[in-house]
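*Asks:* Note that the protein sequences, when read in sequence, are chains W and B.
Quick note, in our numbering, the first sequence goes up one by one and the last residue is 347.
Quick note, in our numbering, the second sequence goes up one by one and the last residue is 1354.
FYI, nobody ran anything at the bench for these hints, they're computed from the structure.
Keep in mind that the hints are not guaranteed to be accurate.
Here are the simulated lysine to aspartate or glutamate pairs, EDC-like style, with alpha carbons at most 16 angstroms apart [what the hints assert, rightly or not]: (1) W/LYS147 <-> W/ASP287; (2) W/LYS321 <-> W/GLU189; (3) B/LYS1308 <-> W/ASP59; (4) W/LYS192 <-> B/ASP1218; (5) W/LYS231 <-> W/ASP170; (6) W/LYS218 <-> B/GLU1065; (7) W/LYS174 <-> W/GLU189; (8) W/LYS306 <-> W/ASP59; (9) W/LYS306 <-> W/ASP270; (10) W/LYS217 <-> B/GLU1065; (11) W/LYS217 <-> W/GLU247; (12) W/LYS266 <-> W/GLU189.
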Amino acid sequence: MQALSVIRRHLTSAVGAAVIGAIALLPVSAQAGPTLDKIKERGVIKAGVGTIPGFFSPDSEGRWQGLFIDFGRALAVTVFNDPEKVEFTNSSPQQRLPALQAGEFDVLLTGVTVTITRAFKLGFHFGPTVFYDGQGLLVRKDLNVTKAVDLDGATIGVQSGTTGELNIADFFRKTGKKFTPVTIEETGEFLKALDSGRVDALTQDGTDLAAKRTQLKKPDDYILLPERLSKEPLAPAIRAGDDQWLEIVNWTVYATIQAEEFGITKDNVDSFLKSDDPAIKRFLGVDPSLGEAIGLNPKFAYNIIKAVGNYGEIFERNVGKGTALNLERGYNQLWTKGGLIYSPPFR
Amino acid sequence: MSDVRSFSLPLPRRLPQAGLFDSWRNAALTLSSLAVLVWLLWPLLRWALVDAVWTGAAQACSGVEGACWAFIAAKLRFILFGFYPPELQWRPALVTIGIAALLLLSSRPRFWSTRLLVVWLVALPLAWIIMAGSILPPAVSTNQWGGLPLTLLVSLIGLATAFPLAVLLALARRAQMAILRLLAIAFIECLRGVPLIAVLYVAMLIVPMALPADALLDKLLRAQIGITLFVSAYLAEILRAGLQSLPLGQTEAAYSLGLGYWRTMQLVILPQALRAVIPAILNLSIGLILNTSLLAVIGISDLLNTAKTAATDPNWLGFYTESFVFVAILYFAISYSASRYTLWLERRLRAAVS
């Protein structure tokens, strides 16, 4: 996801690929015991994270902040009813998947893209997608472009050696429009090309472009088109073979989504405790039957919302309007509002 | 021999300004070179000093052409100490200062003694214990260590633990027993034949696979062991060079005095061999300190990694240049002073021998 890591990956790919290849051949290590038992014994959840602004990054105090970080804290609330009982560890792209498999992390919150190969070959389970990313286009505003197809005849900068190069060519071939690709090797040059007017648009992962936009000389002269040319669903990943832990991860994420659907926020959650709606009563644990049935704290959803807020709040606080990334909800809007964010019912 | 002697270099016969302005052609050359130099350096100076922002929040830096040193001011603690809990930052600070003081002390040959060696052997584990908080809780997991103390600790512990191993390897490589020699050669050549990053990958990825799931060794410890083994192979070769530089007569003379193998090595051979290779060992150490930045690739927050991570804060987005320039200066300061010191020591040792 990060441009820097593209370069570094080139440097270390030979070694990294060999090692990761060797690991893929090893049998998936059998779990000693359920993850939850181990976590409770240890007293803290271990989560692997990356470093991408808005998603996971330390503030000046060294405290982790970001969208994925908040889901890690939510998970700690589900298990311990304490958002601090999670230990985040910065994990490099080369190391993170094997580290999860080796048991160094209980959950990988690095924004792993869900793919079929990863699901089958690496022995992972994926939780619900918490962020729908994809290849985006950062365009000069004065071109008056709102959709990618309007970019007929445009000069578009792509970073060499990324899948973005292929995706954009595919897209223009399919739509029958023309474009001039400018392949740029270096990350620094990538932004300069747009600043200097050498290209009309840049294409890369949407979140990357959002972060890069802030580094342009005049960020307001450019817009990130809401459209995405590729699918990069980012989800928490856990080791395969622990269904209970998977469900805890799943329903922790779902609780934040369901809360937004109900209109329950961090601030107004207490007022919902008096609600007569049986669905909300079940959800917040006022009616404890649900929690008892699944073996979790009946108030886990209430606790999560009280501690970190609902999905919309997590999104807006870390990457939404008013933050440095200034992202639209886009696909990450609730399904009731035309997005893809959806929670199965709590009953 | 006094310290003063080694400092007093003969003055150059020609003063530095001689030849710059003695003819109109030389004067023109001097002036035009100066002009080119200023022309080349001016943008850098403008960026680093003239247009730079020194204080304030991130907003003060937006739209500014120069460097944003305010970013370094805000992130200094994070870059130096990484994720170490701020309320306990006296620990990494103490460790860094302690190590720096010990290094300064050890740089004077006057203080070289068995006692200094003992101090180091106590200090390094003590530094680890202070960082981990094993005796004085709260404990801080190695995942939260980072920055300068981590870089220094990993390098120094790497060297210290590699040293005894390297001595044994170097001796084994020159041993009479073929199997011992073969094993030493295999170990040394295997580790010298792969890049450090490969060793780190194995420590990080393969070792946990080989161990049972609950016997997971600490990540930093695994990396540290990898570095120790890697360094020991190089150190062994340096020591072997030192051993080979000694005439065979030294060993024979020691034997004829009735000393056994180990006493010969300890009293006669190793002291001479070590003295011959001290500069080479210092060079290896400089390389090692720079090499520890590879830890970033396996997700350990060394100095380079904290600098990179600092620039991902959404409130201070994208000040990578400032961050990297700052740690580059730190690395340079460490390496340059070490390399000047090596030169000085080399001269001094040569003087002592002759």
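*Asks:* Take the hints in turn and mark each one as holding or not.
*Replies:* Hints and how they fare:
no. : hint                   : in the structure
1   : W/LYS147 <-> W/ASP287  : 48 angstroms, violated
2   : W/LYS321 <-> W/GLU189  : 27 angstroms, violated
3   : B/LYS1308 <-> W/ASP59  : 13 angstroms, holds
4   : W/LYS192 <-> B/ASP1218 : 43 angstroms, violated
5   : W/LYS231 <-> W/ASP170  : 14 angstroms, holds
6   : W/LYS218 <-> B/GLU1065 : 12 angstroms, holds
7   : W/LYS174 <-> W/GLU189  : 29 angstroms, violated
8   : W/LYS306 <-> W/ASP59   : 22 angstroms, violated
9   : W/LYS306 <-> W/ASP270  : 8 angstroms, holds
10  : W/LYS217 <-> B/GLU1065 : 9 angstroms, holds
11  : W/LYS217 <-> W/GLU247  : 46 angstroms, violated
12  : W/LYS266 <-> W/GLU189  : 43 angstroms, violated
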